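Undergrad: Residues per chain are reported as follows:
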Amino acid sequence: MIGVLAPLPVLLPLLGAAAALLVGRHSRLQRTVSIVVLTAVVAVSVALLLIADANGAAAVAVGDWPVPVAIMLVVDRLSALMLIVASTVGLGVLVFAVGQGTADGDDENTPLSIFHPTFLVLIAGVSYAFLAGDLFNLYVGFEVLLTSSYVLLTMGGSAPRIRAGITYVVVSLLSSLLFLASIGLVYAATGTVNLAQLAGRLGDLPAGTQLLLHSMLLIAFAIKAAVFPLSAWLPDSYPTAPAPVTAVFAGLLTKVGVYAIIRTQTLLFPDGALDDVLMWAALATMLIGILGAVAQGDIRRLLSFTLVSHIGYMVFGIALGSAAGLAGAIFYVVHHIAIQTTLFLVAGLIERRGGTMAVDRLGGLATASPLLAVLFFVPAMNLAGIPPFSGFIGKAGLLGAGIADGGWGAYVLVGGAVVTSLLTLVAMSRVWTRAFWRPPAQAPAADTAAAAARDAGPDDGPDEAPPGTDEPDDDTPDDETADVAEPAGGATSTTQARRTGRRGAWARHVAVATAAPEGGDGRPSGGDEDREPSLQPLPGVMTAATAVMVALTVGLTVIAGPLYGMTDRAARDLLDRTPYIEAVYGEEADR
Amino acid sequence: MTPTIVLPVVIGGLYAAGVYLLLDRSLTRVILGFLLLGNATNLLLLSSSGPAALAPVFGYAEEEQMSDPLPQALVLTAIVITFGVTAFLLAMVQRSWQLVRQEVIEVDEEDRRVATREGMDADDMDPDDLPTEDRPAGKGNTLPSDVDVEERLAQRYAGVPSDDIGLPPTRGGQS
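Respectively, the protein sequence lines represent chains A and B.
Sequential numbering of the first sequence, starting at 1, is according to this note's numbering.
Sequential numbering of the second sequence, starting at 1, is according to this note's numbering.
This is chain A alone, in the form it adopts within the complex:
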């Protein structure tokens, strides 16, 4: 049974991606294909979780090769839990994206829609990373998800997206190369890359070699998980992508890194040699991330910083190394995937409704759209950890594990976690009071920046005059540049920008960059120039998808008891290590 089910979370999205590419010209068919495929993946993941929770870990040797040679897919409680959360969140985001595509009506003017196939490949990569039973296939899973994330992040190829994309791609590549190099060294040292075999062999290596391999792997994964000081790339790259893309990145990609860190810390190097380092990294991640969030005036950037900050909670739980700490960390991963995705989806809705992402320009959303207010308020409070939401339960579990640990370092981290939680509340309530509660009259110069960005969008292309022809324009007096940036002159700014060649191009570029990029339709403005953002009603499908996601996050609170029980069992399995190893080797005996 498990032999059939385990490869499906990888195979189904890949086949679905192929099918979605084949029917790329029929957008309705394509949407149906991807939604059906992802629903099937959710169903398979549920079955896998039920099986794994009932029977313990199981492994599948792909292609029936003998065990240490074969490519192993291992399903234990942790991977099954991650799979189900990932696929559910993926489905929610996909429905949101479908709603957005329908609302923007931008299906007609693209030759071939690549969003759906790429999204499915991303989900396949994420599933593969969760299932992989050896280091190299973990690397391949990472590469599959990263490569599709490169495409998703730079979709449409507008200037800010390319700029953000280059940072993202180069940093990701660097971490991948580091990972690959450490795989090479691990293989040279032990003669295997199979995780279960490594668990037995790594312990026999000299301490220095172990430390080197351990820290190389951790650095590679910490870049992907955005642990401070390796987190600076994240707030620069995520916010520029379309809303659904940012949402799925925020929810899933960093958590794959966290998952890999969990495996490294429990299965490969259980003696906790680097726990102290991880602890300080967790503290720095929490505090510096959240201070960044408090300083932000753009909702999406603010959310990106809270994302970095809350990674610290998970690393904290992992660094404690106790069953309680791991259980808390796993619960927090589940909670955080759902909550961060939901918040980014809500941010997408806010941008549609309010026309901008800048907190200082928004106002009166609570009266203008009470539904949106509720949709924002519930996950925001959940993120900040207000009881009775799941964020509170996760944080309480982690703090309890920290106190139970009893070391002074753990106490410092508990203090840091509380401060971070409070500052998250500050950041969230700032958005709430400004964007939702403030009367609209107090919000200045509503959406000129967004309007300028939208108007400028179509010209930001290859037809731009080369810089050499515009040299004289560089001498234009500064007041012209001032005009370009004048807040009230959205229309003027674009006409002038068109005229002033190089400098104007740059001003437009800045306008596009500083105004949060448009509601994520992937292409800089299709046929919606006449759209009046503040009058835009919320499209039904997008709102419904977001509402379902919010309901899911609340549902996590409702099922928190059984869920926490399961994460507890998963944590014990991880610390025990034998279920995983026996799953790999026992399979052979069974057959």
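In short, the hints are calculated from the structure, not lab data.
Fair warning: this is a prediction, and the values are worked out from it, not measured in the lab.
It is possible that some hints are incorrect.
Computed footprint of chain A on chain B; a stretch qualifies when at least three of its residues, placed anywhere within it, have a C-beta under 8 Å from a C-beta of chain A [as the list claims (entries may be wrong)]:
#, region
1, 24-37
2, 69-76
3, 83-96
From the derived model, a few chain B residues whose C-beta atoms are all more than 12 Å from chain A [claimed, not checked]:
#, residue
4, V10
5, G18
6, G59
From the three backbone atoms N, C-alpha and C, an ideal C-beta is built for every residue, glycine too.
Position chain B relative to chain A; hints supplied.
TA: Frame of chain A, contents of chain B only:
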């Protein structure tokens, strides 16, 4: 069969050159640096199979004379991945050139914001002097300013040595 010194030396040299190129602002050099790093890593993977030996083909060599085939399989996979991603990077660099006529890594968002902000310190403004729609509700620093961000950044980094000797300075620095 003794291990060769050539591979470690080549790997180290490639890593050094790759890191050096990767630290450059020019995207072309970043790509070249990435290629060197990728090749260095592939060689590292290959060298993890131990000293050179005969090809791992049955009937061609005895089992104890064979080299380890697994790293070779890993290297092949890694080469394919590196190749694909490099192609994507090249496409992105080309797109960047199309859009803003430069192929350097641009000033990042946060620096850009901070630079804009300096010109508009809220303390220097009297809100009563501003037209109503420009009055800051929260703080002044999110108002658009008339600062040329690039020029300001160019000034700030004026003394910082750069490796981009052969390249024209980034936008705004020359005029």
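Undergrad: Hint by hint, note whether the structure agrees.
TA: Taking the hints in turn, this is what the structure says about them:
no.	hint	in the structure
1	24-37	holds (count 4)
2	69-76	holds (count 3)
3	83-96	holds (count 8)
4	V10	holds (14 Å)
5	G18	violated (9 Å)
6	G59	holds (20 Å)
Violated hints amount to a single one, hint 5; each of the other numbered hints is respected by the structure.
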